[in-house]
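When you line the sequence shown up against UniProt numbering, it's residues 1 to 136, in that order.
Hints are computed from structural coordinates only; laboratory data are not their basis.
Any given hint could turn out to be false.
Think about it this way: if two alpha-carbon atoms lie no more than 20 Å apart in a straight line, the pair counts; the simulated SDA-like pairs of lysine to any residue are [said to hold, decoys possible]:
{"id": "1", "residue 1": "LYS92", "residue 2": "ALA82"}
{"id": "2", "residue 1": "LYS111", "residue 2": "LEU91"}
{"id": "3", "residue 1": "LYS111", "residue 2": "VAL57"}
{"id": "4", "residue 1": "LYS92", "residue 2": "HIS67"}
{"id": "5", "residue 1": "LYS124", "residue 2": "GLY112"}
{"id": "6", "residue 1": "LYS111", "residue 2": "SER60"}
{"id": "7", "residue 1": "LYS124", "residue 2": "TYR94"}
{"id": "8", "residue 1": "LYS111", "residue 2": "ILE8"}
{"id": "9", "residue 1": "LYS124", "residue 2": "GLU75"}
{"id": "10", "residue 1": "LYS62", "residue 2": "ILE10"}
{"id": "11", "residue 1": "LYS111", "residue 2": "ASP47"}
{"id": "12", "residue 1": "LYS62", "residue 2": "LYS124"}
{"id": "13", "residue 1": "LYS111", "residue 2": "ARG87"}
{"id": "14", "residue 1": "LYS124", "residue 2": "ASP80"}
{"id": "15", "residue 1": "LYS124", "residue 2": "GLY90"}
{"id": "16", "residue 1": "LYS92", "residue 2": "VAL71"}
{"id": "17", "residue 1": "LYS111", "residue 2": "PHE130"}
{"id": "18", "residue 1": "LYS124", "residue 2": "ASP95"}
Here the structure is a predicted model, which is why all the values come from computation and not from measurement.
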Amino acid sequence: MTPVLDHIGIAVRALEPAMDFYGKTLGLGRPIIREIPELGLRLAFFDSPDGAIIELVEASGKTELQHGDVVVALEVEDLDAAIAQYRARGLKVYDQPPTDNLPLRRGWITKGGGHGTIIELCPKGQVAAFVRGTHG
Numbered sequence: 001m002t003p004v005l006d007h008i009g010i011a012v013r014a015l016e017p018a019m020d021f022y023g024k025t026l027g028l029g030r031p032i033i034r035e036i037p038e039l040g041l042r043l044a045f046f047d048s049p050d051g052a053i054i055e056l057v058e059a060s061g062k063t064e065l066q067h068g069d070v071v072v073a074l075e076v077e078d079l080d081a082a083i084a085q086y087r088a089r090g091l092k093v094y095d096q097p098p099t100d101n102l103p104l105r106r107g108w109i110t111k112g113g114g115h116g117t118i119i120e121l122c123p124k125g126q127v128a129a130f131v132r133g134t135h136g
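Work the whole structure out from these sequences, hints included.
So, in structure tokens, the structure goes:
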């Protein structure tokens, strides 16, 4: 199993000015907004058919994310196998269940285990389907 880049998440203080910067100043266009109140998250996804998705994350809930932190999201073929494989390598991997507004099960490696970067493990194709509104 070799994971590939699924998307990059960037923690921001406030979503609106960050969306303006990434969308207008950098030219990424209009984002797709997703609200996840049960996790205290507001998300803006810049979806490019020619590259990885860029996600802006405004967090008001319990999180270790701070302004400027980057989440490297890796796409994996089999989430259970990936979690087991990384745990066997000595990493503490959290298994996050789906929620009402974020119907995706994902794995997480915290900044402490990820050398200062949060690593998200995403089942193949599911984040893009969620962003595009085609997730089952």
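Hints, verified against the model:
no., hint, verdict
1, LYS92 <-> ALA82, "12 Å, holds"
2, LYS111 <-> LEU91, "11 Å, holds"
3, LYS111 <-> VAL57, "16 Å, holds"
4, LYS92 <-> HIS67, "24 Å, violated"
5, LYS124 <-> GLY112, "25 Å, violated"
6, LYS111 <-> SER60, "18 Å, holds"
7, LYS124 <-> TYR94, "18 Å, holds"
8, LYS111 <-> ILE8, "15 Å, holds"
9, LYS124 <-> GLU75, "5 Å, holds"
10, LYS62 <-> ILE10, "16 Å, holds"
11, LYS111 <-> ASP47, "25 Å, violated"
12, LYS62 <-> LYS124, "27 Å, violated"
13, LYS111 <-> ARG87, "15 Å, holds"
14, LYS124 <-> ASP80, "12 Å, holds"
15, LYS124 <-> GLY90, "24 Å, violated"
16, LYS92 <-> VAL71, "16 Å, holds"
17, LYS111 <-> PHE130, "25 Å, violated"
18, LYS124 <-> ASP95, "16 Å, holds"
Hint check: violations occur at hints 4, 5, 11, 12, 15, 17; the rest are consistent with the structure.
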